[in-house]
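Chemist: Here is what each chain is made of, one letter per residue.
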Amino acid sequence: MRTAVTARLFFNQALHRPTPILEFLLPSFTVPQTRIHYASITTSSSSPNTEPSPSSLESPTSNKRRKPLSKTQRDFLDRVLRVNQAGELAATLIYTHQTSPITRAHPHLRSLMHHMYSQEAGHFSTFNQMLAKHRIRPTAMYPIWSAAASALGWGTGLMGREAAMACTEAVETEIGGHYNGQVRILLGWVKEMEDKGEEVGEEVRELVSTLKRIRDEELEHLDEAVGEGAREAKPYEFLNRVIRSGCKGAIWISERV
Amino acid sequence: MGPTRPLHAVFLRHPAPLRSNLVWQCSRSYHSYEHEAPPPFTPTEDAILSAALAHVPTHGFTNTALTQGARDAGYLDVSTNLFPAGAFSIVKYHLVTQRLALARHASSLQSQSDITTKIRKLALHRLHANEPIVHHWQEALALLSTARHLPTSLRELALLSDELLFLAGSTTVTSAWYTNRAALAAIYASAELFMTQDKSKGFTETEKFLKRRLEEGEKIRGGLDMVGKWVGMQAGGLVDGLRSKGVWI
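So the sequence lines, in the order shown, correspond to chains R and A. The opening residue of the first sequence carries number -1 in the numbering used here; numbering runs sequentially from there. The opening residue of the second sequence carries number 186 in the numbering used here; numbering runs sequentially from there.
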């Protein structure tokens, strides 16, 4: 008897609270959507705190790695370096074509645009050298990515400052996440090599530090773009989704061809 | 394959479905400088095939040469069963070992000469490696072009083209990476075929043929570059002109 009363009391309270517990039973269109979907990546220019920093990265004992990298590892490097080059090619072209319309409308952005462009150009030449040195073929979609990136840069540049910054934010979010994944996998290798007592080798060590530096610079661009009002872009959601899925698709294709 | 045939015709002589293979077969993975690549053949294969290659000038690319090679290396006749591809394995052995031998020659090239000269010298060095067996090379080409072995042959050709460009110091990593390799593969293959018919002393005619083909390639590339630059300049000029008129582009 007592339990029945308690139960009725509980359900009465639950149903008449300002936000009922059973909200999820109602069709979602009756609930007003007030939440704004922001990009999921942490917008921060610093490396994640959780990132391990193995001791062998800082204190090299000898320069050469004796045991060759496995076939899977070489294939992985082949794929990611090809994607990185394609990504930096696109980034360079996006900034090149955004700069002219943006700096005419907002002269104060000239130094920022130049700064971001020159960093991207530096990354691009770094990856070009890596590809030539390690005999990795560039993506076969090279001319298509060039055209698409130029069009994207020019288009968002014409749409105005906010749209251009939203484009930067979307691209850098994807790229930052992509680099983060690579750094994570490479650090995994380093840890595995250390556990086995193997020498990590100059090549892998250098690659990790280069990727970390580039990743941090990309995330810096992300912060700057958000600071310049990327989220005030008119169809922000639309731009963000379209550009990010475009980036994902391009990464997927460039890994393969 | 007359000496007057232009470069694009050489490329177009390959059957259409195979042209893309000239390019796609190049795929190799990340090249590390910290260790030697594993040798392509086991010691046994190496012993038998190199001995068999010594018999090619007399017996040609045949199973007889392979059997003789196995005997010379101290193995039983039945050990030729190691090579299910038969005589083709001698051809492949020759192609692979000569391609890898190029790296040793490359260090002797002068560093100041330009890439085209280096490519020509390397390709010529590679062609001269065919000299001892050149009168049997048409048999090898016949074996290489059978349907069963075509993928391997195209891959070898593509790898050779990649090797020549890499050793010559080409650092192009744009879409020209593909066209350079395809063009060089086509030029090399035609020069190799030309060499089998060459009766001149020291294969000077082949040398001239190779030089002409490479110069043509340079001309075509230079011309395309110029057209590209011109179009780019005109488009840039048009956009700048419109911007100066106040058009919002």
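Source of the hints: derived by calculation from the structure; they are not laboratory data. Even for Gly, the Cβ is constructed at its ideal location relative to N, Cα and C. One or more of the hints may lead you astray.
[To be verified] Keeping only pairs whose Cα atoms sit at most 25 Å apart, straight-line, the calculated DSS-like set for lysine-lysine is:
| no. | chain 1 | residue 1 | chain 2 | residue 2 |
| --- | --- | --- | --- | --- |
| 1 | A | Lys396 | A | Lys306 |
| 2 | R | Lys131 | A | Lys306 |
| 3 | R | Lys210 | R | Lys69 |
| 4 | R | Lys210 | R | Lys232 |
| 5 | A | Lys404 | A | Lys306 |
| 6 | A | Lys393 | R | Lys131 |
[Unchecked claim] Computed list of chain A residues with no C-beta within reach of chain R, every gap over 10 Å:
| no. | residue |
| --- | --- |
| 7 | Pro224 |
| 8 | Phe226 |
| 9 | Lys306 |
| 10 | Leu309 |
| 11 | Ser355 |
| 12 | Leu378 |
| 13 | Gly387 |
[Unchecked claim] On the chain R side, residues computed to face chain A include the following (Cβ under 10 Å):
| no. | residue |
| --- | --- |
| 14 | Arg72 |
| 15 | Asp73 |
| 16 | Leu75 |
| 17 | Arg77 |
| 18 | Leu87 |
| 19 | Ile134 |
| 20 | Thr137 |
| 21 | Pro141 |
| 22 | Ala149 |
| 23 | Lys232 |
Chemist: For every hint, state whether the structure bears it out.
Modeler: Against the structure, the hints:
no.	hint	verdict
1	Lys396(A) - Lys306(A)	10 Å, holds
2	Lys131(R) - Lys306(A)	22 Å, holds
3	Lys210(R) - Lys69(R)	24 Å, holds
4	Lys210(R) - Lys232(R)	33 Å, violated
5	Lys404(A) - Lys306(A)	19 Å, holds
6	Lys393(A) - Lys131(R)	32 Å, violated
7	Pro224	13 Å, holds
8	Phe226	18 Å, holds
9	Lys306	20 Å, holds
10	Leu309	23 Å, holds
11	Ser355	8 Å, violated
12	Leu378	27 Å, holds
13	Gly387	33 Å, holds
14	Arg72	4 Å, holds
15	Asp73	5 Å, holds
16	Leu75	4 Å, holds
17	Arg77	9 Å, holds
18	Leu87	9 Å, holds
19	Ile134	6 Å, holds
20	Thr137	9 Å, holds
21	Pro141	5 Å, holds
22	Ala149	13 Å, violated
23	Lys232	17 Å, violated
Going down the numbered hints, you'll see the structure goes against 4, 6, 11, 22, 23, while the others check out.
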